[in-house]
Amino acid sequence: MPHLALYTFGVLKSPLADPAPLTREFHESGEAVYRKISQHPGYLAHAEATGGGRGGHFDLDWGAWGTFAVPTWYSKGRTRETIALAATLSLWTGLRPAFDAVYSGLHREALNRRYDWFERTGHPNYVFWWVPDDVIPTWQDGVSRLERLHDHGSAPPGTLRVAV
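In the UniProt record's numbering, the protein residues as written are 1 to 164.
I should point out that these hints are in silico values taken from the structure, not numbers from a laboratory.
For glycine and all other residues, C-beta sits at the position ideal for the given N, C-alpha and C.
Be aware that one or more of the hints could be misleading.
Label-pair distances were calculated between CB atoms; the ranges are [claimed, not checked]:
1. Arg120 x Arg148: 15 to 23 Å
2. Ala20 x Arg78: 15 to 23 Å
3. Phe99 x Arg35: 16 to 24 Å
4. Ala64 x Asn112: 29 to 37 Å
5. Thr79 x Arg24: 16 to 24 Å
All chains should be built: construct the whole structure from the sequences, respecting the hints.
This is the structure we're talking about:
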């Protein structure tokens, strides 16, 4: 049975390494949000760097999730000191569990404050697609699909039962 892959991407107002007070608040809330999401029914997994590294996304080993990648519109830093982004890549059993997890609890509280922390870029900040159950999506898969969504809209059409 296919799984739902979900990629999210946002450009922060200030770097993670030296954040403004509001960005620091966002960064410090991340662990609790991830912990809560990972307990949600339908959650399967999310991309984690081996060894649990934080901050230097581009230099970390993401294992089966592939090399870390970002959309072409990201123009801020790429070093541990200058990186100003938040990105997630996760797997779900279906659309409803992912939707419920994103729009409830701690994550919903964070979404309500997203403009305190993130720039309004005019680009989509999430995309989802179906993958076969034996496939782990890569960061590049997520970036490619987010860029395609930006450039061409939500196509090709698919159903909730068929991977596109």
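Hints and how they fare:
1. Arg120 x Arg148: 15 to 23 Å: holds (21 Å)
2. Ala20 x Arg78: 15 to 23 Å: The hint (15 to 23 Å, Cβ to Cβ) holds, given that Ala20 and Arg78 are roughly 20 Å apart.
3. Phe99 x Arg35: 16 to 24 Å: With Cβ atoms ~19 Å apart, the hint holds.
4. Ala64 x Asn112: 29 to 37 Å: Given a distance of about 33 Å, which is inside 29 to 37 Å, the answer is holds.
5. Thr79 x Arg24: 16 to 24 Å: About 18 Å separates the Cβ atoms of Thr79 and Arg24, which means 16 to 24 Å holds.
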